[in-house]
Amino acid sequence: MKSEIRNSDITALFSRVNKRAYAKYLRRVRLIKLRGFENKEVNFDFPVTALVGPNGAGKTTILGAAALIHQGVVPRRFFAKSGKYDDSMKNWRVEYEILDKRENNNTTLSRTASYLRAKWNRDAVERRVLIFGVSRTLPASERKELSKFIGSGFRGFSEDQLTPPVIQAVEAILGKDAAGYLRINSRGGGLSIFAAQPSGGVEGYSEFHFGAGEASVIRIVSQVEASEDNTLILVEEIENGLHPVATRRLVEYFIGVAKRKSCQVIFTTHSNDALMPLPNEAVWVAYQGEIKQGKLDVASLRALTGQINARAAIFTEDRFSEIVADVTLRAYCQKHGLDRSGIEIHKLGGAAPARDHARFHNSNPARRFHAVALLDGDKRLESGFAAEAIPLGTSDDNPETFDDLIYIPGSGDPEDLIIDRVLAGLKDIPTLLGKLTISLHLDSFLQEKVRQSVIERSYTNGDRHNIFRQIGEDLDFLSEDLVQRAFITTWAYAYPEDVDEIWDPIRRLLAK
Numbered sequence: 001m002k003s004e005i006r007n008s009d010i011t012a013l014f015s016r017v018n019k020r021a022y023a024k025y026l027r028r029v030r031l032i033k034l035r036g037f038e039n040k041e042v043n044f045d046f047p048v049t050a051l052v053g054p055n056g057a058g059k060t061t062i063l064g065a066a067a068l069i070h071q072g073v074v075p076r077r078f079f080a081k082s083g084k085y086d087d088s089m090k091n092w093r094v095e096y097e098i099l100d101k102r103e104n105n106n107t108t109l110s111r112t113a114s115y116l117r118a119k120w121n122r123d124a125v126e127r128r129v130l131i132f133g134v135s136r137t138l139p140a141s142e143r144k145e146l147s148k149f150i151g152s153g154f155r156g157f158s159e160d161q162l163t164p165p166v167i168q169a170v171e172a173i174l175g176k177d178a179a180g181y182l183r184i185n186s187r188g189g190g191l192s193i194f195a196a197q198p199s200g201g202v203e204g205y206s207e208f209h210f211g212a213g214e215a216s217v218i219r220i221v222s223q224v225e226a227s228e229d230n231t232l233i234l235v236e237e238i239e240n241g242l243h244p245v246a247t248r249r250l251v252e253y254f255i256g257v258a259k260r261k262s263c264q265v266i267f268t269t270h271s272n273d274a275l276m277p278l279p280n281e282a283v284w285v286a287y288q289g290e291i292k293q294g295k296l297d298v299a300s301l302r303a304l305t306g307q308i309n310a311r312a313a314i315f316t317e318d319r320f321s322e323i324v325a326d327v328t329l330r331a332y333c334q335k336h337g338l339d340r341s342g343i344e345i346h347k348l349g350g351a352a353p354a355r356d357h358a359r360f361h362n363s364n365p366a367r368r369f370h371a372v373a374l375l376d377g378d379k380r381l382e383s384g385f386a387a388e389a390i391p392l393g394t395s396d397d398n399p400e401t402f403d404d405l406i407y408i409p410g411s412g413d414p415e416d417l418i419i420d421r422v423l424a425g426l427k428d429i430p431t432l433l434g435k436l437t438i439s440l441h442l443d444s445f446l447q448e449k450v451r452q453s454v455i456e457r458s459y460t461n462g463d464r465h466n467i468f469r470q471i472g473e474d475l476d477f478l479s480e481d482l483v484q485r486a487f488i489t490t491w492a493y494a495y496p497e498d499v500d501e502i503w504d505p506i507r508r509l510l511a512k
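For the sequence shown, our numbering begins at 1 and goes up steadily by one.
Hints should not be assumed to be uniformly reliable.
Derived pair list, reagent style DSS-like, types lysine-lysine, alpha-carbon separation capped at 27 Å [stated by the list, open to error]: (1) 292 - 379; (2) 449 - 427; (3) 259 - 101.
Label pairs and their computed distance ranges (CB to CB) [as the list claims (entries may be wrong)]: (4) 481 - 260: 28 to 36 Å; (5) 360 - 28: 15 to 23 Å; (6) 507 - 110: 48 to 56 Å; (7) 245 - 114: 38 to 46 Å; (8) 28 - 138: 29 to 37 Å; (9) 155 - 243: 30 to 38 Å; (10) 411 - 460: 17 to 25 Å; (11) 229 - 342: 49 to 57 Å; (12) 229 - 41: 24 to 32 Å; (13) 448 - 340: 32 to 40 Å.
For the record, the hints were derived by calculation from the structure and aren't laboratory data. Ideal Cβ placement from N, Cα and C applies to all residues, glycine included.
My request is simple: use the sequences and hints to build the entire structure.
Pasting the structure below:
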């Protein structure tokens, strides 16, 4: 499932950050010393940022650091001290780069928060901050402050209809009619609950009978829409209580809020669905005292942190390279009598994250297996992407090594290589068209239709990244993933020398 956010909107939001076209914006956080982090930096290059990592890795620490410098946030909301039992807080320090056009119209402001002499010292800034913690998904019946709303004789002090923007957003996220919701206010307006009015023969019900996700979404959207422009919105575990589709839609809603209201959103998550609408640069991964920029799905993170029982991990640039790795590794291991089991393959968000995560993993003395990055052929000659020899064992006497970076053949995108190889094979290898047709799960009498589509699209296609989707459309709308895997399988069958070129540099690792 793909995000409904347009690429043009993503590009425009990137540009807006780069041009500093915000009245208020948190541009950068440097964790000089904070819990398990020392001298680590997070850049908020995109106005909606996801923080990913295993439990205890520091996602909420980064979220709290982002909140800490703002005047209206009480430090103990994220960093509470319990007397003599929290000596570790001594000398904690966070530095900030902040845009605030009200104070300085040209450059970013430098601010600091530090913990000295048993209290926080903050050069705080004024900015509206909304914080949605994990308690938002507690059932209303378990929230003590809402007990005054319980009772057969209860009547609210006042009732408010949801505004049209709130209704529209809630309906888009939850996929259900939201026009009948009411906000029920207590006297003084300090507390409120939501209720659904009777409609279409369905009886009305209060928030005490809402699903946790339903109440959470309505509350979040209501507060966001009522907030002022340039608000900073912080959300802990955004997927709590939500269906995966609703999680993705909530992130898409936040991207829209960043566009409409110039808001900035930072959230923590364990959900791949929450990352789907975001560009690579909008995701930061925390683990083992490190903070790395770039998408890393949950399964990949488990491999990277050694939470799985694996013999080796292969990190790739994207989903297409992940399929290339899977298909060719199986072919290579079968050809050379090697064991494929226990080798994990995971996609990341680009060449640099794949390289950096593999190298960080290999440098960890506590790791239980090695990692390799499989990169596109055009990275082979780029600065910073030369392979390094990694020792397999600890012996100093003629140690066995493997390359930590390996490459798909060619000097460009792998889609180009594979399409060109298959086109050549259709002319030179009599059985190749039948092999491709079967791999596409099509009957043999459709071979000529397959040939015509491949040849025509090779001429008319303007972006090789889209060519497999286009071929799928020609062939009765086959899925792009199926077409990609079929072409990769056919290429690996016809050109085993290409497969050997990929995996020979780490054959010793695979044999281990």
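Open item on the list: residue 259 and residue 101 were given as a pair; does the straight-line alpha-carbon distance stay at or below 27 Å?
Closed with: Distance ~18 Å between residue 259 and residue 101 Cα, so the pair holds.
Open item on the list: Check whether the Cα positions of residue 292 and residue 379 lie no farther apart than 27 Å.
Closed with: Holds. Residue 292 to residue 379 sits at ~20 Å (cutoff 27 Å).
Open item on the list: Quick check on a hinted range of 32 to 40 Å for residue 448 and residue 340, using CB atoms only.
Closed with: holds, 35 Å
Open item on the list: Taking 49 to 57 Å as the stated bounds, is the beta-carbon spacing between residue 229 and residue 342 within them?
Closed with: holds, 52 Å
Open item on the list: Can you tell me whether the CB distance of residue 360 to residue 28 sits inside 15 to 23 Å?
Closed with: holds, 21 Å
Open item on the list: Within 38 to 46 Å: is that where the Cβ-Cβ distance between residue 245 and residue 114 falls?
Closed with: Holds - the Cβ-Cβ distance for residue 245 and residue 114, about 43 Å, lies within 38 to 46 Å.
TODO: Using the beta carbons of residue 507 and residue 110, state whether their distance is inside 48 to 56 Å or not.
DONE: holds, 52 Å
Task: residue 449 paired with residue 427 [C-alpha distance capped at 27 Å] - done: OK: residue 449 and residue 427 at ~15 Å, within 27 Å.
TODO: Just tell me: holds or violated, for the beta carbon distance of residue 28 and residue 138 against 29 to 37 Å?
DONE: holds, 34 Å
Open item on the list: Assuming the hint says 24 to 32 Å, is it satisfied by the Cβ distance from residue 229 to residue 41 or not?
Closed with: Distance hint for residue 229, residue 41 holds at roughly 27 Å.
Open item on the list: Assuming the hint says 28 to 36 Å, is it satisfied by the Cβ distance from residue 481 to residue 260 or not?
Closed with: Holds - the Cβ-Cβ distance for residue 481 and residue 260, about 34 Å, lies within 28 to 36 Å.
Open item on the list: A range of 30 to 38 Å was offered for this pair. Does it hold for the Cβ distance of residue 155 and residue 243?
Closed with: Since the Cβ atoms of residue 155 and residue 243 sit about 33 Å apart, the hinted range of 30 to 38 Å holds.
Figure legend: structure checked against the earlier numbered hints; every hint is met.
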